[in-house]
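*Asks:* For reference, the chains in residue letters:
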Amino acid sequence: MNRGLACRRCLYTDRHPLGLTIDEEGICSGCRIHEEKDRFDWSARWRRLEELVAPYRIRDASTYDCIVPVSGAGDSHFVVHLVKERLGMNPLLVSYNKLFNTPLGIRNLANLRIRFNCDLLLQHVNPVSVKKITRATLRQFGSMYWHCLAGQTVFPVQTAVRYRIPLILWGAHQGLEQVGMFSHEHEVEMTRRYRKDHDLMGREADDLLSIFDTLNEGDIWQFRYPGDDELHAVGVRGIYLGNFVRWDPRRQHEQMIDTHGYRSARFERTFDTYDHVDCWNYMGIHDHLKLVKHGYSRVTDHACREIRHGRMTREQALRLVGECSRAEPAHVDLFCDWLGIDRRALQFIVDCHRNPEFWEETEPGRWAPRGNVTGLGADAPGPTDNPGFRVNGELEFGAERRYVTVGKGYPG
Amino acid sequence: MLKKRLVGVITVRGGWAVQSFGYRRWLPLGRPEVLAQNLDRWGVDEILVQAVDRSASRAGPDFELLDRLGRIGLSSPLIYGGGIASVSDAARVVQSAADRVVVDALMHDDAEEVRRISGHLGAQAVIGALPLAVHEGGLRWLDHRTGREGELRPAIVELFRLGIASEALVIDWRHEGSAGAFDERLLESFPVPEVPLIAFGGLSEARQIRSVLGSARVAAAAIGNFLNYSEHAVQRYRQQLAGVPVRPATFSSAGQP
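Chains A and D supply the protein sequences, listed in that same order.
Take 21 as the starting number for the first sequence in my numbering and just add one per residue.
Take 25 as the starting number for the second sequence in my numbering and just add one per residue.
The following block holds chain A by itself, in its conformation from the complex (with noise of 0.2 angstroms):
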């Protein structure tokens, strides 16, 4: 069996499905362009950066400058912090509600909102065609995030048709940064294409819908793209931040912790505690999938990180990854409850997209990693040092532990 091929500094192996490529030095593409963090000139790309956005300030405060797509988790508030504190400028923050929200993440983008005195516009689809499409996702191609995907690319791209706002600022390139699809130096901005390939899986709205399916066109047309003489006609442009800032989420984090009031919460299929606390599942049913399909989970994508940051050696990132990745996940409950499904059920969708190349049937219903399962190899994890991320919340944040399916903000 062809176990594939992984790259000697991090824990990624050509097998990720974005695609890596893996060099003559054994080094993969993402270790080889998170070189030039430590090789740019910062200051230069951020005079850069202002530049290329010089153009779209509004000199009589008619409108806004730019759109920035937030959630109450990710590096939204760093990128709000660039955006209006650095850059000086008005965005109207865009968000859509992907109806797994954490209390936590609630206010988190409560406190976005007030802190950085934003405007805000949210996005609420109405649940039961999200409903629709998330068991349709599930069934074809184990995807139950699918919706959120396709939900935070989409509709701040749909507001700025609609509000003649050309400039969308995002925060990382995820490819540039997991598996270095791109320089820092190509400036690779917003496409259709990364969206569909990527962010996507490969499926647009409409290549959801089917003559064997209830799904119809009703229930995905919030996510479809505008087409490309709307995007013309506005001029419609995204910007990545990261090509422009050397980007470290975990320092960036912590410098909103402290500054900012941001607040974080510990997962137990990861160590960092910053990413994706506004989300019941990301971390749970949906990282489980990941490992399912792609032989490895959320968790090693941290891992790489701090490996190529410098901050964590490989051997010990691999006892972390070893740990978290056997982690059962958290809050199926939750989830079956909210699509209406036993978990019995879910478990059998779960199964039916099990990859071969990682998972082997042992008896009915029972699954063995083949090996090649990053951090699931033979030898149980070691002692695991701490890594040192802070935790100053917790998903529920008082509340219950329940979906806010809309939330209204929280003080403090």
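Hints listed in this document are in silico derivations from the structure and should not be mistaken for laboratory results.
Don't be surprised by glycine CBs; every beta carbon is placed ideally from N, CA and C.
You may find that some hints are simply not true.
[Claimed, not checked] Beta-carbon label-pair distances, calculated as ranges:
#1 R177(D) to W387(A): 54 to 64 angstroms
#2 P217(D) to E71(A): 40 to 50 angstroms
#3 A419(A) to R271(D): 52 to 62 angstroms
#4 R266(A) to A203(D): 15 to 25 angstroms
#5 R271(D) to S230(A): 48 to 58 angstroms
#6 D123(D) to D278(A): 37 to 47 angstroms
#7 A64(A) to R140(D): 37 to 47 angstroms
#8 V254(A) to A203(D): 45 to 55 angstroms
#9 D123(D) to K428(A): 21 to 31 angstroms
Starting from the structure of chain A, add chain D where the hints point.
*Replies:* Chain D alone, transformed into the frame defined by chain A:
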């Protein structure tokens, strides 16, 4: 007057579309069929899919990829290169999805087989690819399988002189992937003036593409990496090439794939 063409190049290695830099460094891009569908929607004149590792590994043409490309129903003509070693390979490539084929290594390995392919498919369906560099006033050919340069052999030149291939894909392999670096001396030095040329390798700036397309010998400019950095890259080139005989930019409406 015949229009000049903009060709979108998708380089495929290990089944993935990649950015390629000087035939020796690659960065992943995504699924070739998603890139092709996108170029098609942008209104590129032709799509060239080159599977660069198929000849060296003797894997033959990538028929699985061609099958996927065939299913998306491209309206742009598709050129395929990579692993074609025989008439039957070439015929199956055309039956699968491609409108034309590119041969590179085969011209050096078996010129007679290239003649047979041309006889079978017609010369208009055959393009000869030549990774070249100007060296001490002459042209040097790169064998991409071994990474070694050698002379551009007279037998290859003769294939073009006899009209076995309808066009020559002149690749500046040293500058492939480097912005604005295409060496236009390659076009002037090409030894068969009557063969229409497709220029590729380091073409990124509209000013430079305008210059290349200004040559009577050049029928098309091929662009690879640089179509992946921003939205509507093809349309932008077209707008910047005002006055050059290329098709005008078009922008599709919502709902189109």
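*Asks:* Run every hint past the structure and note whether it holds.
*Replies:* Hints, verified against the model:
1. The supplied range of 54 to 64 angstroms is met by R177(D) and W387(A), whose beta-carbon atoms lie about 56 angstroms from each other.
2. Distance hint for P217(D) and E71(A): a CB-CB separation of about 44 angstroms, consistent with the stated range 40 to 50 angstroms.
3. Distance hint check: the CB atoms of A419(A) and R271(D) are about 59 angstroms apart, consistent with the given range 52 to 62 angstroms.
4. The beta-carbon spacing between R266(A) and A203(D), approximately 23 angstroms, falls within the hinted interval of 15 to 25 angstroms.
5. In this structure, R271(D) and S230(A) break the distance hint of 48 to 58 angstroms, their C-beta atoms being roughly 35 angstroms apart.
6. For D123(D) paired with D278(A), a C-beta distance near 60 angstroms fails the hint of 37 to 47 angstroms.
7. Checking the proposed 37 to 47 angstroms range against A64(A) and R140(D) shows it is violated: the Cβ atoms sit about 56 angstroms from each other.
8. Between V254(A) and A203(D), the C-beta spacing of about 27 angstroms breaks the proposed range 45 to 55 angstroms.
9. Distance hint for D123(D) and K428(A): a CB-CB separation of about 58 angstroms, inconsistent with the stated range 21 to 31 angstroms.
Hint check: violations occur at hints 5, 6, 7, 8 and 9; the rest are consistent with the structure.
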